[in-house]
Structure formats: C-alpha cells, structure tokens
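Student: Sequence:
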Amino acid sequence: MTIKLLAIDLDGTLLNSHKEISQANHDALHFAHQNGVKVVICTGRPYLAMKNLVDQIGLNTADDYIITYNGGQVHAANDGSIIVSHTLSKQNVLDWYYQLNALGLPISVIDQTTIYEPSPDLAVAKSEYIERTQTTLPLEIVDFNQFHSDHVFNKLVVSTDADYLDSKIPLLDSHLLQNFSVFKSRPFLLEVVAAGVTKGNTLKQLGDYLSIEPHEMMTIGDQENDLSMINLAGVGVAMGNAIPEVKSQADFISLDNDQDGVAHAIYHFIGK
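Residue numbers (numbering that gives the first Met the number 0): 0 to 271.
None of these hints come from the bench; they were simulated from the model. Be a bit skeptical, because a hint or two may be false.
As a list, the in silico SDA-like pairs of lysine to any residue whose alpha-carbon atoms are at most 20 Å apart [as the list claims (entries may be wrong)]:
#1 K3 with Y266
#2 K89 with D110
#3 K89 with F146
#4 K167 with K183
Hey, can you work out the whole structure from these sequences and the hints?
Tutor: Here it is, written out as structure tokens:
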C-alpha cells in the first residue's frame, strides 16, 4: 500500500503529556514528508492557535495544509488561507446557549480570532475551556444576543467536570443533536460544529482537492472525534493511550503519546 497523505491528531497524539512535540516525532514527520507523504495536522484548535506550532514543525509552505475546528476548516499552512469552511450562525449559537443554560452547563463560542463567553450574571456555570486547554486566543465577555446577525462562528464548546458533563449529555435536546455534529474531544470537553462536520468528512474533501483517495491515507488519533478519520483511511492508527472504542476500530495500535507513538507508526508503515 502506498501512503500519500498522513493525517495526525494533535492533543494526546502528536503532543506528549507536556504538550510538546518530541524530537523523535518531529523527525518522523519530516521523514514522511521527504518520502513524498503529505502531512496534515488535524486538530480542534483554531488556525491562529496552531501557527506557532506549525512553524516549529516546519511544515508550513503553501503546499502544506491544516484541518482545524475538528473539521470545520482546512487552511493552507503558510498564511492560513481557507480551502474548506463550515460555520455556525448567531441563531445556532443562541439555540445552544439557551439549551445549555437550561441544563446548567457552561458555553464558550469560538470564531477565527476570539473566544466568547457570557457574563457571569448571565451564565449558569463557569466554563473551564481556557484554563484546561491553554488556548492562546483572547477572551471576550459578551451578551450573546448582541452578536451581529451575520456573525459566523467556527464551533462552540462545553468544558466542565467530566462526570458532570457525562450526566448531562443524555438530556440534550434530540433536535439539536440531529442538526449539528456533537462529540467529545476529551473527557471534559464536548464540541459542537456544523451538521456533517467531522475530521473524516473534511479530510475526504481535502483528499478530493489534492486528488488523494482515502485508501491512500493513514490517520492517527486517540479520542472519539478521531474515529471518523480513522475509519476513513486505508490505515487507521490508534495511539496506545487511545480510548477503547478507537482502539477497537483501528487497523493498528501504536505506542502511547509519551513513547513517540506517532514516530513508531510512521516508521512501521512508511519504513525507515
């Protein structure tokens, strides 16, 4: 099997538990790239929060690509120009805001440049998104009703205690669940993006753009939001630290993210 594209999740996969890219993983990415494999980072983060990391990796030309917002957008790595985009409207945000308030859950809404949260007197619970993800985007406290009608957003998230979150998810309105893509990207983090948006679906769109078929792809991940791309690819790899569902659906289980699992998988399938 010839692998032409390698798509890699970031947190819990390419990054170790210290949120760093090991030298071994860095070298393996460049090994794959030098052997003609397109390397695509697939993350829930915004492009602006990824730019320094992409520059650090060194795969940041106009011919390199990043999938952000868990499939919400595809960017050219060099300047952030958008190749694919799926967004949420003001009304989408308000619908979720009222639902989450009713369930006692916090909300954070993200667009290209900013994180928005309601003022403490309008929020029923405090979001843990910024402190738990260490995102670099600035925060604005706003009245969600005051957003301009044509303001577009890339995703909204619910970040709180994992057990509390799990107890509330079954109570979410079925209509909302049917009209958006809703998934957990970490135990404490529920994410909402536009309908039909997954890492796998957007990776397929990028593959079409690059004339690369799914069977020519290899994907690596660890969480529920990585399942779609693991099932899409000719080779789907689960990290050693992946959740059981990801491991059960993967073609190969690598080492964990503190043991250079990405490098291990690359050299296993691409050779050294």
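Student: Determine for every hint whether it applies to the structure shown.
Tutor: Results for each hint:
1. A hinted pair counts as satisfied when its Cα atoms are at most 20 Å apart, and K3 with Y266 qualifies at roughly 14 Å.
2. Between K89 and D110 the CA atoms are separated by roughly 11 Å; this keeps the pair inside 20 Å, and the hint holds.
3. About 7 Å separates the Cα atoms of K89 and F146, which keeps this hinted pair within 20 Å; it holds.
4. Distance restraint check for K167 and K183: the Cα-Cα separation of roughly 13 Å lies within the 20 Å cut-off, and the hinted pair is therefore satisfied.
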